[in-house]
Structure formats: structure tokens, C-alpha cells
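Residue numbers (our numbering), protein chains in the order written: chain A, 537 to 647; chain B, 18 to 128.
Worth flagging that the hints you see were computed from the coordinates, not collected in a lab.
Each hint should be verified, as a subset may be incorrect.
Unchecked claim - Reference listing, derived: stretches of chain B covered by chain A, where coverage requires no fewer than 3 residues with Cβ under 8 angstroms from a Cβ of chain A:
# : segment
1 : 89-102
2 : 107-118
Unchecked claim - In the DSS-like style, the derived pairs of lysine-lysine whose C-alpha atoms are separated by at most 27 angstroms in a straight line are:
# : chain 1 : residue 1 : chain 2 : residue 2
3 : A       : Lys580    : B       : Lys19
4 : A       : Lys607    : A       : Lys572
5 : B       : Lys19     : A       : Lys577
6 : B       : Lys59     : A       : Lys607
7 : B       : Lys59     : A       : Lys545
Note that CB positions come from ideal geometry on N, CA and C, so glycine has one too.
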Amino acid sequence: DTAVSQTPKYLVTQMGNDKSIKCEQNLGHDTMYWYKQDSKKFLKIMFSYNNKELIINETVPNRFSPKSPDKAHLNLHINSLELGDSAVYFCASGTLSYEQYFGPGTRLTVT
Amino acid sequence: QKEVEQNSGPLSVPEGAIASLNCTYSDRGSQSFFWYRQYSGKSPELIMFIYSNGDKEDGRFTAQLNKASQYVSLLIRDSQPSDSATYLCAVNAGNNRKLIWGLGTSLAVNP
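Start from the sequences and build out the full structure, keeping to the hints where you can.
Structure representation (C-alpha cells):
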């Protein structure tokens with residue numbers, strides 16, 4: 537009964553490919569997030585959805601497209617992958633009081 | 018630009034000592050303050066949150082908030098080698114469910 541789950545855990549792919557990462561939460565929260573953590577360990581917010589509505593859309597290449605089919609799911613699709621996209625991508629689920637709970641992460645390696 | 022600053026460390030303390038981690042923030046309007054622990058290769062884990070000036074204790078952890086001076090700290094009493102991790106400070110930014118993150122402080126507890 538994992539609270540926030542992500543698939544896949546590891547993703548190795550070549551430049552130019554398209555890939556998706558899926559996230560699901562069973563905490564009953566209305567808000568979900570995508571973060572990118574690069575090799576320097578800085579946690580950078582990418583997107584956030586609240587009840588399927590996009591509420592945070594940081595400066596991210598438009599090759600990245602989030603989608604939230606319902607408030608328990610948030611997916612991230614990445615087109616035309618580049619070497620610089622290699623990072624760990626975390627999904628998180630959040631409460632009204634700003635607490636955020638993270639999934640285990642997806643380690644993306646672009647070769 | 019709203020910022021959260023932490024000393025990157027590493028902070029090294031002997032087992033059994035008190036570890037003191039500090040964080041300053043720039044937005045005087047921030048109301049919610051969080052400490053996350055991140056072990057190497059794992060996702061951030063929420064360990065403390067504080068909303069009011071003063072101290073909040075939870076087991077060996079104490080969070081301290083001083084809004085006038087715009088700093089929040091985390092004290093870890095009786096430090097254990099298992100506390101060795103990176104500690105991330107996060108502060109809410111406005112009311113759009115976004116957190117501003119520090120770069121983290123690396124803590125090493127030596128047996």
C-alpha cells in the first residue's frame with residue numbers, strides 16, 4: 537500500500553526517443569507535482585496539478601508534457617530526449633497545508 | 018527572486034552529539050516551513066514541519082522558527098550514524114502550493 541508510486545524506477549534510452557513516466561498516489565490529496573533532481577542534487581519544481589488543473593508550470597522545455605487523468609494520477613511525457621534530461625524525476629503528492637510526500641523516483645539515463 | 022539558503026556542509030558531528038542545521042529564507046510572507054531528509058539514492062522524506070514561531074519537538078528532532086529573523090533550524094539530539102543524510106529545507110511560496118527548496122546540508126554522524 538505504497539502512498540506515492542512511480543513507474544518505471546529506471547529508464548535507459550537513447551537520444552531522440554520519447555518516453556513516459558507514470559505516478560499514482562493513494563493519499564487522497566488534491567495536488568500532485570513533478571520535480572527534477574540533477575547530479576548537483578538541486579530539487580527543481582517542474583509542474584503541479586490540483587484536481588486535474590495545471591497550477592504550476594515552471595520554465596521547462598515544451599518537450600515535457602504533463603497530464604493528469606484524475607487527481608490520483610499524474611504522468612510525464614518527454615519527447616525527443618536529450619542528454620541533459622538525464623536526472624532523477626520525482627513525483628510528489630501534496631496537502632492543503634503544503635506538506636509534500638514523494639514517490640521513490642525514476643532515474644532517467646539518456647545515452 | 019524568493020530564495021532559501023542552507024550551508025551545503027558537510028557538517029560532521031560525533032555520535033551522540035547535537036547536530037544543528039540552519040536555513041534562511043527571503044520571503045517574509047512565508048507561513049509554512051519544512052525539513053526533509055534525503056538518503057543517498059532515495060527520495061526526500063518529510064521529517065518536520067512548523068508553522069508558528071518557537072520550537073516544535075518530535076522525538077530527537079526539534080524545529081525552531083524565527084520569522085522576524087527569517088530563519089528556521091533543525092536540531093537533532095543524540096545523533097546516530099543512521100542520521101547521516103542530506104537535509105533539505107523548504108518554505109512555501111505564496112498560496113499556489115509551491116515550495117521553495119534549499120540546496121540541502123549534508124550531515125555525517127561519525128561513530
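Taking the numbered hints from earlier one at a time, note which ones the structure violates and give those numbers from smallest to largest.
When the structure is compared with the hints, only number 1 turns out to be violated.
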